[in-house]
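In order, the protein sequences belong to chains W and X.
Residue 181 in the numbering used here sits at position 181 of the first sequence, with consecutive numbering throughout.
Positions in the second sequence are counted from 1; adding 1000 to them yields the numbering used here.
Watch out, some of these pointers could steer you wrong.
What the hints assert, rightly or not - Label-pair distances were calculated between CB atoms; the ranges are:
no., chain 1, residue 1, chain 2, residue 2, range
1, X, Glu1024, W, Ile259, 53 to 63 Å
2, W, Phe219, X, Gly1196, 55 to 65 Å
3, W, Ala170, X, Leu1107, 21 to 31 Å
4, X, Gly1105, W, Val114, 22 to 32 Å
5, W, Lys236, X, Glu1117, 51 to 61 Å
6, W, Ala142, X, Lys1224, 19 to 29 Å
7, X, Glu1236, W, Thr145, 49 to 59 Å
8, X, Gly1214, W, Thr227, 46 to 56 Å
9, X, Val1091, W, Lys236, 48 to 58 Å
10, X, Tyr1034, W, Thr145, 24 to 34 Å
11, X, Tyr1034, W, Ala148, 20 to 30 Å
In case anyone wonders, no lab produced these hints; they're calculated from the structure.
Every residue, glycine too, gets a C-beta built ideally from N, C-alpha and C.
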Amino acid sequence: MKSFVCLAVLFIFLVAGCAHSPARTDSETQSGSASSTSKAKTTTETSADLSGTPASPGNKSANTDEYDDEMEEEGEATTIADPLEPFNRAMYHFNDKLYFWMLKPVAKGYGEVVPEKARISIKSFFSNLGFPIRFLSCLLQADFTGAATEAGRFSVNTLWGIGGLMDPAAGKELDLQKQDTDFGLTLASYGVGHGFYIVWPVLGPSSPRDSVDIAGVYFLDPASYITPWYYDAVTKSMKIVNNTSLSIGEYEALQKAAIDPYVAMRDAYIQYRLNKVKGKSGKTEKVKLQQPGKKEEKGK
Amino acid sequence: MLIFAVAGISTAGIFGPPQTVSREAGGLNTAIGYWHQQGNLTSVSEYTFRRNEIYSQVSYGGHNIWEVYGRIGVSDLKISDAFRSVNSATVTSGSDFTENWKLFGTLGAKGFLPVNEIFGLGAFLQVNYYFNNFTGDVTGTDAGVPFAADLKIQNMWDVNFGIGMQFTLPHKIKLYTGPYIYYAEAKANLSANIPGLEFGTGGVLLKNKAFAGGFIGADIPLAKGFHLNIEGRYSERLSLGAAVSYTY
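Same shape as in the complex, but just chain W:
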């Protein structure tokens, strides 16, 4: 029942976000990060891109092309609508305090005790468990090469990588690289816009489109099915602490460089996601151009 309610709320957010036209707010003009806000322009998304109905895979390339054309026209950094800014700022501060007061000290202590190689192995183990998400995302994006790569990676790393603790698949000889994709990128490939900016407590910055990935991760992560519930909580906490211990300092650097860390985080997030979408559509175009006997697609 709880899962159904969560899914329903996320679906409402998704539909609402996709229908929302992002516009520059007063707070955006007043504040800005040292890096990107001064260069940001208003994004005006067409109603076609904002329709709540995802494009069919047949129209995928057309929608992706329109989306890419808009990005090209924008040229530089793009902002995201932030109608929930008061709520988002509150959540940002909550997450900030959670990081500095709880997560960072625990991660630092954990990092002192556990050698870095072991932490990288643990990260690799949890990454291997994320195979169903990446595999399904590739299939839904009709990226069969990516899906085959993920299947190969999972098999090799599980059988010869000590259950995923090692990553022989990414080595020079096999060169099966992890597919950097998720359900949010899947929806982006169908032409679904990112919508508006939302900061979830604990989970961090997101958008309605990318929040679908949060739900997908929950249902496809094997750790979610560990019983009783506190074993699942401990496993996921360990994953977060382990990953944090390997990236201590990155968030602090972003904060330090920014006049308004909240806006810097928002801009960094949207740039990060846009780059991923561009990277994915570029890769798809490159694969299409390499296929013999097919017409060359309109590309960048």
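Take the given structure of chain W and dock chain X to it, following the hints.
What follows is chain X alone, placed relative to chain W:
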């Protein structure tokens, strides 16, 4: 306690080539393997046992001359006619002892002395231990009175020592062969004394009847750091296995 002699009751997994497949500078190699083993159990009667094992192995070796390895795997065990009754008044529901997928672990070490580019000599030591008991149930009637009992085979372990000769062929294919000696032991305990059945509550110590055997195998490099290792072993009965390893 009765003592039964068992030929080749243990020895989990292949021995592998005397020379490590790890990189010369030192490194890991991992493998997955399968082993099928057959042997004889002899007391008053003779029984045949069969075992299938799959395992995962992690090894570390270096300088092309040494390697230490550990394995974890699961094994089944089938003893044909274990519950066969020699007494006509005792009728059992089934005669075979069967148990599936019990955990075992292996530790081993090997050293290699290259004589020239083609030939070398090596030695190895391998110890296997089964963490779980194999348990099989038997039901039946004894002079019309129904009974139920279970046979536990517990504390199964073995140690193997062997010497191998290795020949390196073109394309870095390695052929190896050699003799080995071993000691294996397990305890068998039936939960009830059933007339006509050889096992009883007093417990039976199973030990190896033959203490030596021979092995032959090949290690074939495949593409992209993978190796295929196939091996056969003979000690009263033939056993076969294969493993695919990856060198980091």
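Evaluated hints:
no., hint, verdict
1, X:Glu1024 <-> W:Ile259: 53 to 63 Å, "holds (55 Å)"
2, W:Phe219 <-> X:Gly1196: 55 to 65 Å, "holds (56 Å)"
3, W:Ala170 <-> X:Leu1107: 21 to 31 Å, "holds (29 Å)"
4, X:Gly1105 <-> W:Val114: 22 to 32 Å, "holds (24 Å)"
5, W:Lys236 <-> X:Glu1117: 51 to 61 Å, "holds (54 Å)"
6, W:Ala142 <-> X:Lys1224: 19 to 29 Å, "holds (28 Å)"
7, X:Glu1236 <-> W:Thr145: 49 to 59 Å, "holds (52 Å)"
8, X:Gly1214 <-> W:Thr227: 46 to 56 Å, "holds (50 Å)"
9, X:Val1091 <-> W:Lys236: 48 to 58 Å, "holds (56 Å)"
10, X:Tyr1034 <-> W:Thr145: 24 to 34 Å, "holds (31 Å)"
11, X:Tyr1034 <-> W:Ala148: 20 to 30 Å, "holds (25 Å)"
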